[in-house]
Structures are given as structure tokens and as C-alpha cells.
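Each chain, written out:
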Amino acid sequence: SQTIHQWPATLVQPVGSPLSLECTVEGTSNPNLYWYRQAAGRGLQLLFYSVGIGQISSEVPQNLSASRPQDRQFILSSKKLLLSDSGFYLCAWSVGTGREAFFGQGTRLTVV
Amino acid sequence: QKEVEQNSGPLSVPEGAIASLNCTYSDRGSQSFFWYRQYSGKSPELIMFIYSNGDKEDGRFTAQLNKASQYVSLLIRDSQPSDSATYLCAGGGSQGNLIFGKGTKLSVKP
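Protein chains in written order, with the numbering used here: chain A, 1 to 112; chain B, 1 to 110.
I should point out that these hints are in silico values taken from the structure, not numbers from a laboratory.
Every value quoted in this text rests on a predicted model; they were computed, and no experiment measured them.
It is possible that some hints are incorrect.
[Unchecked claim] A few chain A residues facing chain B, derived, Cβ under 10 Å: (1) 7; (2) 45; (3) 57; (4) 72; (5) 88; (6) 103.
C-beta atoms are modelled at their ideal positions from N, C-alpha and C, and glycine is treated no differently.
Okay, chain A solo, but in the shape it has when bound (with noise of 0.2 Å):
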């Protein structure tokens, strides 16, 4: 069965400090992978999404990057967080595009 991993649970980081946060998937092979944001109060936000290795397409503007490095693998990065990077970061996989998705914990960043 496919399991999709996300660490950490939760991270406390201080404004202009720098972010890597790490997904995997298990059990399957060429996933969609996505990373989303959900702010206090707000709905969930596509910040990221790639369809294969090295191809990431970006939905919002802002300090965050993606990488894929490897089939399974997506990482979101800054260089130098914000007040307003502050909220739960979830990543998901799907078979492809337009099919259900399964979402890692999340990520609860706080950035002070």
C-alpha cells in the first residue's frame, strides 16, 4: 500500500531564517506530488505541484521553492522566511491529475 511521509510535525523558525521541509511517498512509482498551505482560517492553498522528476510548476508567487529530486521525493525550501510563510504545509500525491489526493501529517510552521 502507498504511504506518504512529511517531517516535521511542527517547527518553530525565526524571520529570515532558512526552511527545508521533506516528503516521501511509498509504494508507488511516478506520483504527482504537491505541496499546499492552509493559513488560520483560510482553505488550502496549491503551492506547488510536479508530475515527474526535476518538473516543478508554481502556483503562487512568493519565497517558497520546490524541488524533486528524486521520483518520490519533494522538498519545499526558502532562502528566508517570512511573518506571513506562518501555517500548516501539507504535501500529497495522486495517480495523476485531476484524481483524489492523500496528504502527508503536515507541517505546523511557526515563524517568529
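Go by the hints and put chain B onto chain A.
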């Protein structure tokens, strides 16, 4: 701007009642629709998907889709306190990625 709209609630129902959650979408190209349940502080969990007009039943859950009206609903029969959560509706947009509504908070009172 393609959108999925949901009433934010809270929707409060007594234990054992039917909870009815509704969602409308703007993208006529959407072909697939999903309902997720999200407990406070947790990640969304898929509970139903529907691709065709009509009803789809799975246990106490029934999803309904009306493409002509661009309307999706989720019925929860015999609601339990453990069903208290935020329910997210999502549509598979014509660009392929899922577009989520902001969610409806459901409270089931014992």
C-alpha cells in the same frame, strides 16, 4: 478564477440526524469531485469521490453530483459526535489540479 464555494458553518446537528453539506463550483470543465474530512490540527482525509451525475453511497455517506447545476453535496446519515470535523469539497479542475473549498465545520451534538 476557478472556485469551489462552501458555507463555512458551523453546521450543528443532533446525534443520529442527517447532516447535509453543500458545495458549488465554477469550473464547468471539472470532471471529478472529492470530499475530505479534516479534524482540528490534522491533515485532510479522503472520504468520498464522485465522477458521474447522481448519487454514490458508501456506508453512512452519500455523495451527490449535479453537473448541470454545478453542485455537489455530501449527506451523512446517523451522524455521530466523531463526525464533528471540517469537511472540504474539492473539484478536479480543467487544468488537472484539485481546487478546494474553504470547508464547512460540522458539529454533531450528543
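Violations among the numbered hints, reported as their numbers in ascending order: 1 and 4
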